[in-house]
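Protein chains: 2
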Amino acid sequence: MTLSKNKEKFIKSLRLKKFRQKYNNFIVEGDKMARELLGQKPELVIAVFALEEWLSRVEEAADVAAEKLFPVSGAALRRISGLDTPNQVLVVSSIPNTVIAAGQVENSLSLYLDGIQDPGNFGAILRIADWFGIGCVFTSAGCVDPYNPKVVQASMGSLLRVACAEASLEALHREYPALPVYGAVLDGENIFKAGLDKAKGIIVIGNEGRGLSPEAERFLSHRISIPRAAQSRAESLNAAIAAGILCAVFTNMH
Amino acid sequence: MTLSKNKEKFIKSLRLKKFRQKYNNFIVEGDKMARELLGQKPELVIAVFALEEWLSRVEEAADVAAEKLFPVSGAALRRISGLDTPNQVLVVSSIPNTVIAAGQVENSLSLYLDGIQDPGNFGAILRIADWFGIGCVFTSAGCVDPYNPKVVQASMGSLLRVACAEASLEALHREYPALPVYGAVLDGENIFKAGLDKAKGIIVIGNEGRGLSPEAERFLSHRISIPRAAQSRAESLNAAIAAGILCAVFTNMH
Chain A
560 MTLSKNKEKF IKSLRLKKFR QKYNNFIVEG DKMARELLGQ KPELVIAVFA LEEWLSRVEE
620 AADVAAEKLF PVSGAALRRI SGLDTPNQVL VVSSIPNTVI AAGQVENSLS LYLDGIQDPG
680 NFGAILRIAD WFGIGCVFTS AGCVDPYNPK VVQASMGSLL RVACAEASLE ALHREYPALP
740 VYGAVLDGEN IFKAGLDKAK GIIVIGNEGR GLSPEAERFL SHRISIPRAA QSRAESLNAA
800 IAAGILCAVF TNMH
Chain B
560 MTLSKNKEKF IKSLRLKKFR QKYNNFIVEG DKMARELLGQ KPELVIAVFA LEEWLSRVEE
620 AADVAAEKLF PVSGAALRRI SGLDTPNQVL VVSSIPNTVI AAGQVENSLS LYLDGIQDPG
680 NFGAILRIAD WFGIGCVFTS AGCVDPYNPK VVQASMGSLL RVACAEASLE ALHREYPALP
740 VYGAVLDGEN IFKAGLDKAK GIIVIGNEGR GLSPEAERFL SHRISIPRAA QSRAESLNAA
800 IAAGILCAVF TNMH
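Just so you know, the sequences run in chain order A and B.
Add 559 to a position in the first sequence, counting from 1, and you land on the number used in the working numbering.
Add 559 to a position in the second sequence, counting from 1, and you land on the number used in the working numbering.
None of these hints come from the bench; they were simulated from the model.
Backbone N, C-alpha and C fix where the C-beta goes; we use that ideal spot for every residue, glycine too.
Just so you know, nobody snuck in bad clues.
Pairs of lysine to aspartate or glutamate residues, derived as EDC-like cross-links and limited to a Cα-Cα distance of at most 16 Å, are as follows: (1) A:K576 to A:D704; (2) A:K581 to A:D704; (3) A:K591 to A:E618; (4) A:K709 to B:D677; (5) A:K591 to B:E794; (6) B:K759 to B:E665; (7) A:K627 to A:E602; (8) B:K577 to B:D704; (9) B:K571 to B:D643; (10) B:K757 to B:E665; (11) B:K591 to A:E794; (12) B:K709 to A:D677.
Residues from chain A shown here face chain B by an in silico Cβ test under 8 Å; the list is partial: (13) G679; (14) D689; (15) I785.
Chain A extracted, bound-state conformation (with noise of 0.2 Å):
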């Protein structure tokens, strides 16, 4: 079938948080993500658009209603994807709403982003949570937005995984004021000495270019740091790869 000039309006639209926000979709593209889509939340799919060798070939489009599914040509597929390389597959999903589970924020560790604006680095850390277990990542005001085309493309399908939930620091702190509140900064606890509690509480990522936030650093409980070798004259790690040093050394040591 041929898609229609106001579909083909509507998905390229989703390329836009305002228009993700206004009708509450967004975009997942590719033969991988989309088969987890549609196998682990089929209720979240709307339309999925794709050749029509990948709809019959496909496991998971099986249990999708007929009305759904929508069978276009490689031609339409470029004109509608985001991607350089456009996929078999592009699905209109819903965006699922964020389901944090009672007693889950005050026992476990969570990630706040504070002021992400790197997609891939958004993702990344996605997957890093989705791999050490970390339920919930809440985010900035001032984040880029995690459905995101880039952001679900670099999270892997661990978007699909993770609570994703916009707080401030402030209200997170007024519903848990006894959580620790880590936040690496230079000359804090070095994370492999401190005997530190790290079982629980939210770990504070910085801005990719500043860093902490003189308002995130007021909430923090402790400052922690990721060594740096004596004789280094680096001067900070990439927002994600501290996400990740932190995260790993958080939940395998204590």
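Based on the hints, put chain B in the right spot on chain A.
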């Protein structure tokens, strides 16, 4: 002054590896990295193209021979820049000779990049090496070029402080037969538990999509693993994130 068409063409040609190799030159852009280069490795500087204002303000420019300094307009910088948001300065630099001190590889930790393709990952890995005091980053023939402008940018100056050299793992193994070679695999030894000699050896980082190549796996003396949460369905970590965690643990837990 205005830039001649020939100079412009030459500068732009350095975006391609072929021409970087032909001329043994590469491009450094931006205030911070340009100042580091001028201050720390003035002998590498071939030519500095910068706003008049930058040249008169920046201390490090005062030590560069006048015939290497070219004041240019913002419009000219925009034409020659490879950045989306061109900066005040662009330096043409010689590619430094890789210097590896005698005994360095045998007695310390090095990284080996097995087909790293993403310039952002390569740059982040150079920052990791620099931060943790790892002096050598070896690369397989299939890696993106360290002097690719996007790698240079993402390394935030670390490229100037870490030795990069292309080598096969086979050649390294022949030269250092007793040196441990570590590689992360899904079923390897937990790095937080293993009683490994972490003070020296080569840590191999696999390609973004396919992980370690069979060729690289053949040379591993130790199969190690970054532990994943029991319930996690994540398939992998980003290559640079894995490198960050391995380097942090190896340099801090032995």
